[in-house]
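Undergrad: Going down the list, the protein sequences come from chains A and B. So the mapping is simple: the working numbering equals the position in the first sequence, first residue as 1, plus 35. So the mapping is simple: the working numbering equals the position in the second sequence, first residue as 1, plus 337.
None of these hints come from the bench; they were simulated from the model. A few of these clues could be false.
What the hints assert, rightly or not - Some residues of chain B that are not near chain A, with every Cβ distance over 12 Å (derived):
hint, residue
1, GLN406
2, GLU449
3, TYR599
4, GLN895
5, LEU933
6, ASP966
7, GLU1005
8, ASP1036
As the list claims (entries may be wrong) - Calculated lysine to aspartate or glutamate pairs in the EDC-like style (CA-CA distance at most 16 Å, straight line):
hint, chain 1, residue 1, chain 2, residue 2
9, B, LYS1016, B, GLU935
10, B, LYS517, B, GLU449
11, B, LYS1104, A, ASP104
12, B, LYS517, B, ASP506
13, B, LYS382, A, ASP104
14, B, LYS774, B, GLU483
Being a predicted model, the structure only gives us computed values, none of them experimental. Cβ atoms here follow ideal geometry from the backbone N, Cα and C, with glycine treated the same way.
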Amino acid sequence: MKSTVSNFILTIVLAFVLSLFLPWWSIMLAAFISSAIVRLRKASTFFVPFLAIAVFWIIYAWLLSSANDFILAKKVAVLLSLGGNALVLILVTGVVGGLAAGVAGVFGNQCRAIFSQSDQ
Amino acid sequence: MKQFKFFLSLVFTVAIFYGLNTKFGSIPPVGKFLNPYTGVWQNEKSTDGFQGIENLQGLSQPVKVHYDQALIPHVFAQNDEDLYRAQGYITAQHRLWQLEFQTHASAGRLSEVVGSAALDFDRGQRRKGMVFGAENALKEMQKLPELVKNLEAYRDGVNSYIETLSPADYPLEYKLLDYKPEPWTLKKTALLLMYMTDMLAGGDSDLEYTNFLKKHGQERFDLLFPDFFDIDDPVIPSERDWADFGEVEVPDVPEGELPKDYVSGLLPKPHPDNGSNNWAVGPGKSYSGNPILANDPHLGLNLPSIWYAMQLATPEKNTFGVTLPGAAGIVIGFNNDISWGVTNATRDVKDWYKITFEDESRNRYRHRDAWTNTDKKIEEIIVRGGETYYDTVVYTHHGPVTYDASFSGNDELIGYAMKWAGHLGGNNQQTLLELNKAKNYDEYKSALKHFVAPAQNFIFSSREGDIALWVQGKFPNKWEGQGKFLLDGNNPDHDWNGFIPQEHNAHVKNPDRGFVSSANQHPTDASYPYYVFNDGYEAYRNRVINDFFRSKEKFDVQDFKDLHNNNYNLKAAELLPHMIANIDITQLNPEEEMLLGEVSGWDFYNDIDKNGATIWERWWIRIRNMVWDELAEEDLDMPYPFAYQTIYLLKNAPGDKFMDIMETEKVETASDLFLLSFKEAAKDIKNWKENNQGYNWGDYKSTFVGHLLQALPAISRFDLPIGGNSGIVNATSRNHGPSWRMIVEMSDPPRALGIYPGGQSGNPGSKYYDNFVDTWASGEYLELLFMQDDSNTSGIMFSQTLTPKQ
Chain A
36 MKSTVSNFIL TIVLAFVLSL FLPWWSIMLA AFISSAIVRL RKASTFFVPF
86 LAIAVFWIIY AWLLSSANDF ILAKKVAVLL SLGGNALVLI LVTGVVGGLA
136 AGVAGVFGNQ CRAIFSQSDQ
Chain B
338 MKQFKFFLSL VFTVAIFYGL NTKFGSIPPV GKFLNPYTGV WQNEKSTDGF
388 QGIENLQGLS QPVKVHYDQA LIPHVFAQND EDLYRAQGYI TAQHRLWQLE
438 FQTHASAGRL SEVVGSAALD FDRGQRRKGM VFGAENALKE MQKLPELVKN
488 LEAYRDGVNS YIETLSPADY PLEYKLLDYK PEPWTLKKTA LLLMYMTDML
538 AGGDSDLEYT NFLKKHGQER FDLLFPDFFD IDDPVIPSER DWADFGEVEV
588 PDVPEGELPK DYVSGLLPKP HPDNGSNNWA VGPGKSYSGN PILANDPHLG
638 LNLPSIWYAM QLATPEKNTF GVTLPGAAGI VIGFNNDISW GVTNATRDVK
688 DWYKITFEDE SRNRYRHRDA WTNTDKKIEE IIVRGGETYY DTVVYTHHGP
738 VTYDASFSGN DELIGYAMKW AGHLGGNNQQ TLLELNKAKN YDEYKSALKH
788 FVAPAQNFIF SSREGDIALW VQGKFPNKWE GQGKFLLDGN NPDHDWNGFI
838 PQEHNAHVKN PDRGFVSSAN QHPTDASYPY YVFNDGYEAY RNRVINDFFR
888 SKEKFDVQDF KDLHNNNYNL KAAELLPHMI ANIDITQLNP EEEMLLGEVS
938 GWDFYNDIDK NGATIWERWW IRIRNMVWDE LAEEDLDMPY PFAYQTIYLL
988 KNAPGDKFMD IMETEKVETA SDLFLLSFKE AAKDIKNWKE NNQGYNWGDY
1038 KSTFVGHLLQ ALPAISRFDL PIGGNSGIVN ATSRNHGPSW RMIVEMSDPP
1088 RALGIYPGGQ SGNPGSKYYD NFVDTWASGE YLELLFMQDD SNTSGIMFSQ
1138 TLTPKQ
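Build the full structure now, drawing on both the sequences and the hints.
TA: Following this line, the structure appears as structure tokens:
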């Protein structure tokens, strides 16, 4: 439980910092690093970074968009065939970010495993 | 097992990265696009501007910019260079994507952005010599050091803005298409002006006419395509005599034959409705004694709008109006002393020459019965996601050989070269900057001299009380018939040998009738001493406008508004009663009878609530297609006869053999066509009714203003309630019409109204993206806030100071 929370927080913090100067894949890097450091087990190797980044992106997207009455989000939600629903676009954004982070987290976890194995 | 998991997770990671970082078809790279740090969410941040101070490198002194409630910037600079630098900066801030996209389109570079789908378009642009024309224009502009300084300032202003951007700040369209802006250059300004030239003077029908002539003969040609209509009410009133020109030299028609070739696979033409209205009344016809002027250019209805409104002031001048993003200064507008506007002068300034090459190398071609060297330009078209395409375009002294064996042709030794006023290299930019500061008729007249193409009817009024209209462009002085059909590239007498002297361009100042106007009709009557033929002149709007100004003594601003919004369909009024009188009603079923009754009761106004207008429009399209079925059935590119002449034939030559429908046994006459086409129109309306509630004209026409990227939904505006149609003074058809409406009364200071179907911001996330659209559709205007000094800020939303970077 402790490692779950630490990973979750570390992923968000890293993503926050790396996003300031790296492109979108900074979240993959963040999930990779935090999972390489903080060990997770089973399904949580995917879902913890997934949730961390999904929450992170959802909150930030919502903050940006709500300040502008979701004008653009509604339009983009039409362009991407999401029925013009800004909230759906925000959820999709979270899922996309989460998916990328989850996979990178699993990879980070596997890297740690490989390295710790060779250390022994 | 660990290794396997490691590799599997690596593969997944790479796949996810690739999948979310790559553009698939029209789907943007999803990870990049949705990332709140740099993706589309960032475009929810306002780009409208803010109260405060901004740095702008290169300014000599601070520039004040006041934004009014409509987000129109009022720019106060201390000198011209600062002014145009600020113009470039502000324009880029609101319209960067459009600014660049239009010049990419002009230069034939869209494949770079959208891939091979645009390759044919790009090849066409290159083969038309768009870049060649822009380079020639640039050479002309570079002859004037003062102008170059101003254009460089504009360029640096645009680039200063681009430099402030990180990928997170790129406009939405860059993110959708996944590319980035490049620096602005002077050549891009020239390319923008070519974009307009092609839009307005890029049309001609010489090769279609040649095909028709060969197929149907001279007599049929002259019947369908007369040099003048019998009802012309020309731009320059017929009362004008040309005695002031003195002796005029017009070349004699040379001996020798015109080449008679069938040419097909021709490039697409500009929209046939590209045109405009303008009119002005002098003091004698104005309710207040101040001249009043109006203009509305008819172009494709796009978002972002082609126009961007601005006030541009220095201590020497104070000008208001609309700009074209990419060009310095105001294009259509007014200052404290004058106002001006333009309509397209529609002249045949594009001719075609048959070229005979010596051999397949195309290194030499026949001219003056000798072999002359060609030039070759290798066009490199970068194709996104594909191989770069190389296209060799051969140049002769006429111009580029647009059509040859590698493009639309099949004979290795034959080509068709274009001679076009668009290639001559004009200095339209100088005309604009001089007009911006002109104070009277003489300065207006002198400003026009630099303007080469697209020829425009420049309307003018001044506070001194003058009104005037010049048909300005650089026009070849042609022998009668020159350039109506394909010309002989070998025969030097077929070349353009000289131009109409600029001072002999048709013009009129303060005519007795007290008003001037133009609506793309014939520039003059047949008494004009130079050769002009009808190359697609408009036959209806001009008569409605001129009749209106002949109808009473005095006119006020409300009259001008009413005329802009006038939906009277003169074409319908001239044909519909004849059709109704000559249709065989015994052949109609009850449903058709009902429709005929409805259209019979129609008052000829294309208002949104009129069913009659819809019935008429369907009937007209159907009958026109039936009359000209002969032309549509052929593989060849054929010219489409003018509406006016079609109606003339229907009324005066009902038994003409063109009336026959080719695919039927029977020989039809005009009244047979009235019946058959009405039945088809009735079917059209029935089909429409199956999917829609009513069929009133507004619903049926369903006007829309489409985003430049193929009218993408969500960032376009659909189903706008506005009447009118092509050929009507309110020329709003489905996706084309008045792209800017302006009315200026030359009071002290001038009072002006203006509106365009768009908004000042090009950012679809801004509430200023399309906020003018509804006002425009309802026929209303914005009161333009013409600030007389920069300290009175009533009506101002926020103010900025642009300061030189330290």
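Undergrad: Taking the hints in turn, state whether each one holds.
TA: Here is how each hint holds up against the structure:
no.: 1; hint: GLN406; verdict: holds, 18 Å
no.: 2; hint: GLU449; verdict: holds, 22 Å
no.: 3; hint: TYR599; verdict: holds, 45 Å
no.: 4; hint: GLN895; verdict: holds, 35 Å
no.: 5; hint: LEU933; verdict: holds, 41 Å
no.: 6; hint: ASP966; verdict: holds, 41 Å
no.: 7; hint: GLU1005; verdict: holds, 48 Å
no.: 8; hint: ASP1036; verdict: holds, 22 Å
no.: 9; hint: B:LYS1016 with B:GLU935; verdict: holds, 14 Å
no.: 10; hint: B:LYS517 with B:GLU449; verdict: holds, 11 Å
no.: 11; hint: B:LYS1104 with A:ASP104; verdict: holds, 10 Å
no.: 12; hint: B:LYS517 with B:ASP506; verdict: holds, 11 Å
no.: 13; hint: B:LYS382 with A:ASP104; verdict: holds, 11 Å
no.: 14; hint: B:LYS774 with B:GLU483; verdict: holds, 15 Å
Hint compliance for this structure: no hint is broken.
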